[in-house]
Amino acid sequence: MTEDVEHSPATDADIPGARRAPRQARSLDTREKLVTAALELIRTEGYAALSTPLVARRAGVSRGALQYHFASRDDLFVAVRSRLALRLDWGFPVTELAARPLPDRVAWVVDHYWSVLGSDDYVAAMEIRLYERFNGALHAQLCQEMRELAETRHREWVRLFADVSLDTDTLVGVRTYMMDALRGIALRRIEMGPEERVRPALALLKTSLVGLLAE
Numbered sequence: 001m002t003e004d005v006e007h008s009p010a011t012d013a014d015i016p017g018a019r020r021a022p023r024q025a026r027s028l029d030t031r032e033k034l035v036t037a038a039l040e041l042i043r044t045e046g047y048a049a050l051s052t053p054l055v056a057r058r059a060g061v062s063r064g065a066l067q068y069h070f071a072s073r074d075d076l077f078v079a080v081r082s083r084l085a086l087r088l089d090w091g092f093p094v095t096e097l098a099a100r101p102l103p104d105r106v107a108w109v110v111d112h113y114w115s116v117l118g119s120d121d122y123v124a125a126m127e128i129r130l131y132e133r134f135n136g137a138l139h140a141q142l143c144q145e146m147r148e149l150a151e152t153r154h155r156e157w158v159r160l161f162a163d164v165s166l167d168t169d170t171l172v173g174v175r176t177y178m179m180d181a182l183r184g185i186a187l188r189r190i191e192m193g194p195e196e197r198v199r200p201a202l203a204l205l206k207t208s209l210v211g212l213l214a215e
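Under this note's numbering, think of the first position of the sequence shown as 1, with each following residue one higher.
One or more of the hints may lead you astray.
Beta-carbon label-pair distances, calculated as ranges [claimed, not checked]:
| no. | residue 1 | residue 2 | range |
| --- | --- | --- | --- |
| 1 | Ala99 | Pro53 | 15 to 23 angstroms |
| 2 | Ser62 | Met179 | 38 to 46 angstroms |
| 3 | Pro200 | Ala140 | 14 to 22 angstroms |
| 4 | Ala99 | Pro200 | 25 to 33 angstroms |
| 5 | Asp104 | Gly60 | 38 to 46 angstroms |
| 6 | Glu45 | Asp163 | 43 to 51 angstroms |
| 7 | Pro200 | Ser165 | 24 to 32 angstroms |
| 8 | Ala162 | Pro53 | 45 to 53 angstroms |
| 9 | Val164 | Arg129 | 30 to 38 angstroms |
| 10 | Thr44 | Thr170 | 40 to 48 angstroms |
| 11 | Glu45 | Ser165 | 45 to 53 angstroms |
When the alpha-carbon atoms are kept at most 20 angstroms apart in a straight line, the in silico DMTMM-like pairs for lysine to aspartate or glutamate are as follows [to be verified]:
| no. | residue 1 | residue 2 |
| --- | --- | --- |
| 12 | Lys33 | Asp75 |
| 13 | Lys33 | Glu45 |
| 14 | Lys206 | Glu156 |
| 15 | Lys206 | Asp163 |
| 16 | Lys33 | Asp74 |
| 17 | Lys206 | Asp180 |
| 18 | Lys206 | Asp104 |
| 19 | Lys206 | Asp121 |
| 20 | Lys33 | Glu156 |
| 21 | Lys206 | Glu196 |
| 22 | Lys33 | Asp111 |
Don't read these hints as lab results, they were simulated from the structure.
Where is the CB? At the ideal position from N, CA and C, for every residue including glycine.
Go ahead and model the full structure; you've got the sequences and the hints to work with.
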C-alpha cells in the first residue's frame with residue numbers, strides 16, 4: 001500500500017525557466033546600460049577617453065559585470081556600432097511602405113535615415129570608424145557586420161521599389177548613392193556645427209532620387 005504524499009503547488013521559483021527569465025532580463029538590462037554608457041562617453045568625450053572603468057561607473061554597474069558582457073574595450077566598440085547600425089532598420093513590413101506613392105516612399109526613407117545619420121550619435125559612429133581603421137581585427141569584424149547589414153537593406157530597398165523599371169543592380173546603386181550623399185551631408189554638419197542648414201540638401205536629394213527611380 002502506498003502512502004498518499006501531499007505535494008505543495010509549484011511556484012514560479014520552482015520552475016527552472018521561470019528562475020532564468022528574471023536573470024536573463026537583468027542581464028540584458030545590464031548590457032544595455034553598458035552600451036548606452038559607452039555610446040554617451042564616445043559621443044561626448046571621444047573614443048580616446050573611453051575606458052572600461054569609466055563605462056562601468058557611468059552605467060552604475062561593477063567592473064565584474066562589465067567584464068562578464070564585454071571582455072575588452074573593442075567589444076564595447078562593436079556593440080555600440082551595432083546598436084547604431086540597427087537604428088537604421090525600418091521597423092515595419094516593407095509592403096506597408098511600398099503601397100505609398102513613389103515620392104512619399106523616397107521622402108520617408110530619407111527622413112528615417114537622416115534621423116540616425118544626422119543625430120549626435122552618428123558622431124560616435126564616426127569616432128569608432130576612425131579608430132578601428134588602425135585595428136586590423138576590429139576593422140575586419142565591423143566591415144563584415146556592416147556588409148551583412150547592407151545586403152539585407154539592399155534587398156529591402158529592391159522590394160520597396162519593385163514597381164520601378166530599374167534592374168536590381170541599378171536599384172542598389174541608387175541606394176548606395178543615397179547613403180553616400182547622406183553621410184556627406186552628415187559630415188558637413190559635423191564640420192560646420194549643428195546650426196548648419198541641411199534641409200535644402202536633403203530636399204534636393206529627395207528630388208534627385210525620385211528622378212532616378214522614375215526613369
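Hint numbers not upheld by this structure, sorted from lowest to highest: 1, 3, 19, 20, 22
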